[in-house]
Amino acid sequence: MGQKKDLTGSEKSKIVRYLAERCSSLKIAKLLKHDHRTIKRFIQNSQQGRKKRVEKPRRKITAHELRKVKRAAAKMPLATSLAIFQRCNITGVPKSTRCAILRDMAKVRKAERRPPLNKTHKLTRQDWAKTDFSKVLWTDEMRVSLDGPDGWARGWIGKGQRAPVRLRRQQGGGGVLVWAGIIKDELVGPFRVEDGVKLNSQSYCQFLEDTFFKQWYRKKSASFKKNMIFMQDNAPSHVSKYSTAWLARKGIKEEKLMTWPPCSPDLNPIENLWSIIKCEIYKEGKQYTSLNSVWEAVVAAARNVDGEQIKTLTESMDGRLLSVLAKKGGYIGR
Numbered sequence: 001m002g003q004k005k006d007l008t009g010s011e012k013s014k015i016v017r018y019l020a021e022r023c024s025s026l027k028i029a030k031l032l033k034h035d036h037r038t039i040k041r042f043i044q045n046s047q048q049g050r051k052k053r054v055e056k057p058r059r060k061i062t063a064h065e066l067r068k069v070k071r072a073a074a075k076m077p078l079a080t081s082l083a084i085f086q087r088c089n090i091t092g093v094p095k096s097t098r099c100a101i102l103r104d105m106a107k108v109r110k111a112e113r114r115p116p117l118n119k120t121h122k123l124t125r126q127d128w129a130k131t132d133f134s135k136v137l138w139t140d141e142m143r144v145s146l147d148g149p150d151g152w153a154r155g156w157i158g159k160g161q162r163a164p165v166r167l168r169r170q171q172g173g174g175g176v177l178v179w180a181g182i183i184k185d186e187l188v189g190p191f192r193v194e195d196g197v198k199l200n201s202q203s204y205c206q207f208l209e210d211t212f213f214k215q216w217y218r219k220k221s222a223s224f225k226k227n228m229i230f231m232q233d234n235a236p237s238h239v240s241k242y243s244t245a246w247l248a249r250k251g252i253k254e255e256k257l258m259t260w261p262p263c264s265p266d267l268n269p270i271e272n273l274w275s276i277i278k279c280e281i282y283k284e285g286k287q288y289t290s291l292n293s294v295w296e297a298v299v300a301a302a303r304n305v306d307g308e309q310i311k312t313l314t315e316s317m318d319g320r321l322l323s324v325l326a327k328k329g330g331y332i333g334r
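Numbered according to full-length UniProt numbering, the sequence shown spans residues 1 to 334.
Incorrect hints may have been included.
Distance condition first, Cα-Cα at most 30 Å in a straight line; then the derived DSS-like pairs of lysine-lysine [as the list claims (entries may be wrong)]:
| # | residue 1 | residue 2 |
| --- | --- | --- |
| 1 | Lys214 | Lys184 |
| 2 | Lys241 | Lys130 |
| 3 | Lys33 | Lys12 |
| 4 | Lys253 | Lys241 |
| 5 | Lys159 | Lys250 |
| 6 | Lys184 | Lys311 |
| 7 | Lys184 | Lys135 |
| 8 | Lys122 | Lys241 |
| 9 | Lys70 | Lys60 |
| 10 | Lys70 | Lys184 |
Think of the hints as simulated: they come from the structure by calculation, not from any bench. Since we're looking at a predicted model, the values are computed, not measured.
Just need the whole structure built from these sequences, with the hints factored in.
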């Protein structure tokens with residue numbers, strides 16, 4: 001039996017090309033004039049991937065070093081495990097050990113995101129908290145994508161099992177802009193903004209005319225319209241001169257149009273409605289294949305939100321206002 005001949009780099013490239021052309025290992029062996037077992041072995045080794053590294057003995061961490069790591073982690077909450085251990089001058093500790101040590105004393109969490117509230121904002125929020133909110137219609141827009149928020153597709157995967165495969169698409173596969181409102185125990189909408197429409201002042205007013213006014217507001221009694229207060233955030237399309245004048249012609253002006261405090265998404269109870277809907281439509285890491293399918297899921301999830309849940313959200317304003325006053329206008333994180 002002759003000595004086994006190793007494959008050269010160019011021969012390996014040719015094998016890959018031949019495989020792409022759906023050639024069998026026997027045919028490739030004939031074309032390259034190699035033993036077919038050599039070709040087969042190369043293909044099998046390539047499919048197995050890299051070999052697992054042999055675990056090295058773990059370095060023991062002293063109690064004094066553990067205290068140093070804990071202090072460093074408290075001072076650098078967003079640092080990597082490597083940066084924390086380097087700060088403590090502890091070297092030679094593999095990543096798996098570093099993470100295991102940190103998991104015993106901390107929990108991986110995202111940094112809390114909050115709007116930039118300055119002193120003027122806080123004073124405005126305190127003055128705003130004195131308003132009567134029992135007749136307010138809370139409105140807002142939400143964008144839903146085909147793939148859902150990043151980081152939601154996590155779950156318990158059994159040992160030895162492969163994680164499910166998810167589609168990876170730019171911009172979450174595209175999305176739909178949704179508008180809705182809540183008042184007392186009633187949900188207004190949701191209504192879908194037409195695909196491709198950018199909400200400027202003109203398109204926003206036209207959207208309200210076609211949906212909110214025609215499909216809901218006109219059906220209400222005169223006494224209801226007289227008492228209702230319309231709330232919207234400070235998006236440019238909402239507070240422009242054009243939109244304000246247009247709403248005034250509809251009878252929504254002065255005390256009937258709420259002045260919204262700046263940088264205050266935490267004060268709008270409809271944000272919690274969006275959370276309820278998103279948890280429902282993206283449960284178990286669900287993805288969608290079309291904009292119509294994700295919109296249908298939003299409508300179905302909204303129908304499942306009953307009046308008691310809506311009432312709980314609108315009545316939560318009392319607790320929010322107390323929190324705002326207690327924090328002197330500060331962020332309440334609801």
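Review point. Does lysine 241 lie within 30 Å of lysine 122 when you go C-alpha to C-alpha?
Key: OK: lysine 122 and lysine 241 at ~25 Å, within 30 Å.
Check your understanding: Taking 30 Å as the top limit, are the C-alpha atoms of lysine 184 and lysine 311 close enough?
Key -> 5 Å, holds
Practice item. Would you check the hint for lysine 70 and lysine 184, treating anything up to 30 Å between C-alpha atoms as holding? Key: Not satisfied, since the Cα-Cα distance of roughly 48 Å exceeds 30 Å.
Point to revise | Restraint status (C-alpha distance of lysine 214 to lysine 184 at most 30 Å) | key: Cα-Cα ~20 Å, so holds.
Practice item. Below or equal to 30 Å on CA atoms is what counts here, so check lysine 33 against lysine 12. Key: Distance ~13 Å between lysine 33 and lysine 12 Cα, so the pair holds.
Review point. Holds or violated: are the alpha carbons of lysine 184 and lysine 135 at most 30 Å from each other?
Key: 7 Å, holds
Review point. Is lysine 159 close enough to lysine 250, meaning Cα to Cα at most 30 Å?
Key: 61 Å, violated
Review point. Is lysine 241 close enough to lysine 130, meaning Cα to Cα at most 30 Å?
Key: Measuring from Cα to Cα gives roughly 26 Å; hence the hint holds.
**Study point:** Holds or violated: lysine 253 to lysine 241, with C-alpha atoms at most 30 Å apart
**Key:** The hint holds at about 12 Å.
Check your understanding: lysine 70 and lysine 60: Cα distance at most 30 Å?
Key -> 16 Å, holds
In the structure shown, a violation is registered for the earlier hints numbered 5, 10, in ascending order.
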